[in-house]
Amino acid sequence: MSEEVGYTVASDSDTTREETSPEIAIGIDIGTCQCSLAVWNGSQVDLIRNTRNQKLMKSYVTFRNESPSPVGGVSNQLSHEYEMLSGASIFNMKRLIGRLDTDPIVSQASKTLPFLIQTLGVGVKPFIAALVNNMWRSTTPEEVVAIYLVEMKALAEARLKRPVRDVVLTVPAAFSRLQLTRIARSCAMAGLHVLRLMPEPAAVALLYAQQQLPKNMGDSGSERVGLIFNMGAGYCDVAIIATAGGVSQMKALAGSSIGGEDLLQNMMHWLVPEMDSLFSGRGLDEIKSMGILRVATQDAIHKLSFQPTVEIDIDLGNGTKICRVVNVEEFEEINKGVFEKCGSLIQQCLHDSKVANVDYIDDVILVGGCTNIPKLKNIVTGICNKSEVYSGINPMEAAVRGAALEGALASGVNDSFGSLDLLTIQVNAHRLGIRADGNGFVPIIDRNTTLPARREMVFTTAHENQTEALIVVYEEGDDEKLLLLGYFKVVGIPAAPRGVPEISVCMDIDASNMLRVMAGVVMPGSGTRNPVVPLMEVRMPTADDGHGLCAEALSRSFGSTLDLVTLHNKL
Amino acid sequence: MAAFAVFRLPEVLHHRAGFDHSKQPLISRRTLKSSVTSCCMRNQQTTSQNYYDLLEISVDSNHREIKESYRKLQKKYHPDIAGQEGHEHTILLNKAYNVLTNDDLRKDYDASIGHVRVAFKGDELNMGYSSWNGPFRPQALFVDEKACIGCRECVHNASKTFVMDETIGCARVGVQFGDDDNSIEVAVESCPLDCIHWVEREDLAVLEYLNTPRRKQGHGVFEQGWEKPENVFMAAKTWQKHLKQQQAESQKRSVRSDVEEETEAQAQARESASFKLKMERFSGLWEWMKKGSLK
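Residue numbers (UniProt numbering), protein chains in the order written: chain A, 1 to 571; chain B, 1 to 295.
In case anyone wonders, no lab produced these hints; they're calculated from the structure. Built from N, CA and C at the ideal position, the CB exists for glycine as well. Hints are all accurate, no fakes.
Using 20 Å as the maximum straight-line C-alpha spacing, the simulated SDA-like pairs for lysine to any residue come out as follows: (1) Lys95(B) / Pro443(A); (2) Lys354(A) / Glu65(B); (3) Lys75(B) / Gln211(A); (4) Lys251(A) / Asn94(B); (5) Lys251(A) / Asn98(B); (6) Lys354(A) / Asn98(B); (7) Lys354(A) / Arg64(B); (8) Lys75(B) / Asp421(A); (9) Lys95(B) / Asn513(A); (10) Lys76(B) / Ser419(A); (11) Lys251(A) / Lys95(B); (12) Lys76(B) / Leu420(A); (13) Lys75(B) / Leu213(A); (14) Lys251(A) / Glu65(B); (15) Lys251(A) / Ser69(B); (16) Lys354(A) / Leu105(B); (17) Lys251(A) / Glu68(B); (18) Lys72(B) / Pro214(A); (19) Lys72(B) / Gln210(A); (20) Lys75(B) / Arg224(A); (21) Lys76(B) / Asn414(A); (22) Lys95(B) / Arg447(A); (23) Lys75(B) / Asp415(A).
Just a few of them, taken from the derived set where beta-carbon distance is under 10 Å, the chain A residues facing chain B: (24) Ala244; (25) Gly246; (26) Ala410; (27) Thr450.
Working from the sequences, and respecting the hints, build out all of it.
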């Protein structure tokens, strides 16, 4: 089919619009540090360059004066890297979005980033502000991402000469459902419609599947198993995929909020152990020296990937001077914890994938800026017992290219050469369940369940003549920490002895990763297809800012009066 | 909350809108529409369809065949390709694939659909090799493969009923009463060795089960290979006698323990059976609900 992209003019009515080819969704890889845009051009994926002819754009938004349109790394000229660190620019939003002020990642960031992150530590959204004309101007992570996306959208529209609405975004596997909601909301604020929020490894898997497509038609090709290790500035993901005939099937997925930013913070603290107290005042001078330290450290880490030692010589002002030589061994020792965590993430993923032996892995695919670090490369290849890494993929562009492929697929584009004859079958990254059996977490959908998925479980009442039940939905995040996604009440349970009414709770995740929780009540022996009360269907998450406080409020208001007890499990 | 609703809403609208757009001159969309309708139709049959039919594979498929077929079907029904309407069918595919690729789950599932290894019970009919065309009748056709010489006379006369198993060179019944009574009679008559028998419906499953060759227990290097009972009718009688004995024994045991109360195992079995029925009811509910919400 032809991929001529016509202008959609305002006078075009709906009927004429149907005649034209559908809008091909663009792929966006919105990274902690860098972003990129790509689109299927009819025969292959094209990366969209910004006005400075860059394919990778720094993710930051600078606020200026009272100008209503703040500008970011997409289009505006950045006179100097230090400008980004002057306090007027907000970056690292992907690390902060959807997190509470009790999150250690937020409180760490608040000590090392030049703009203001105010944490009260009570379990609400942190307050974020940029320094404009020596005044802190407040904003939110969602707003910053939205502003950035508006810029990206304008850039894409200018390049493609058509309006852009549909997008496919890549997100880290570690993202909680609350974080996904925030990203989607940012897109909505920017006037973009999200077709898919796909985990970065899934996008890479799609690209890999395309590259492994059999050359001659009819040949289904042999199955290849790949391990994808993706580490950028903010997050780390691991996935095991099996690919044959253009279908890449994910066997396991694991993610964690560790990334280059952690390496940077560890390094900065090692260089200036007293930096937290040194910069706590956050005056103009402190922000400036913080910026100097950040740039120098970042530079040093980059250089250590290619040379054994690096010299750091900076003047932080106020009499603090740093002049020392750092070698690779020191760097690796400082970040031992981060590297160990990466190793265990890979091990966990291998274990979950039920791949009997690492020898079954054909390709090790490294993606993301951090995989330039020799130590990380060694860890991954060491665990997988490989001497080489897969060379067919550009580590910085893989995710966005995959997202563009998914965008073409989800837009219904058909390629006559068969190079879009692709599919990625994803799995669920987090365990989902409800509160039952006292104060316990009862998982209903396990990790690594193939999507779309539906699982159900039958619960019963915990008390005599209990007529209402509270369904509290949780997602299990990093380190088995539970995250409240939402809650609703099932009412109208007929009065009966405890353990008699049957409350079926069903969780359904569709291919775009939307979670619905359904609940229905059936009395045993009623023998009809009709439930006692109308079924409930609730889209998750329903909880929002301060979701942690919701759990406390619920238990304060209801205690255990509306509790549930597990009755049966069904696969 | 309000903001939440605003952002989620377009997603639903989109899926609907996406299918309105399928009027566009786009091959993929058009083919997709037809595949979707067929998938919806399939959905209604799910209760009667087993996982093997769903994955379009035979009951003895190996891991690789299951995987290949699963991927082929995913390419047809996955919501990324077929749109939101593929959701229900893909969930079923995933469920089936999950069960059949797990050895333990597959064994349990095979047992639950009455595939081969289960103990035979009198009135369960659907577990033999042959399927039925039309209503069950008191008698069924059975080919004694030990006697069959593979002359193809029966296949020639009643091709919808008899099939040729080319690997062992014998005829067997593929579909009970696949042809009209007249052709079947001619086919039975045409057999030069009179090895097509009319058997009681209740005996059919056991006979067909015993008729398939199975691996012999070997002692050292000797006596290994495939074996079939010398006289399949005698073997079936013995088998059923054995089965009856077992049943009687288990009955006696339960009677002895307590006339009023059932054994723990029985209670469990009964409970799980009733639970299963209930779950089916629930599944029906969800499916019915989904169908409603898609309209």
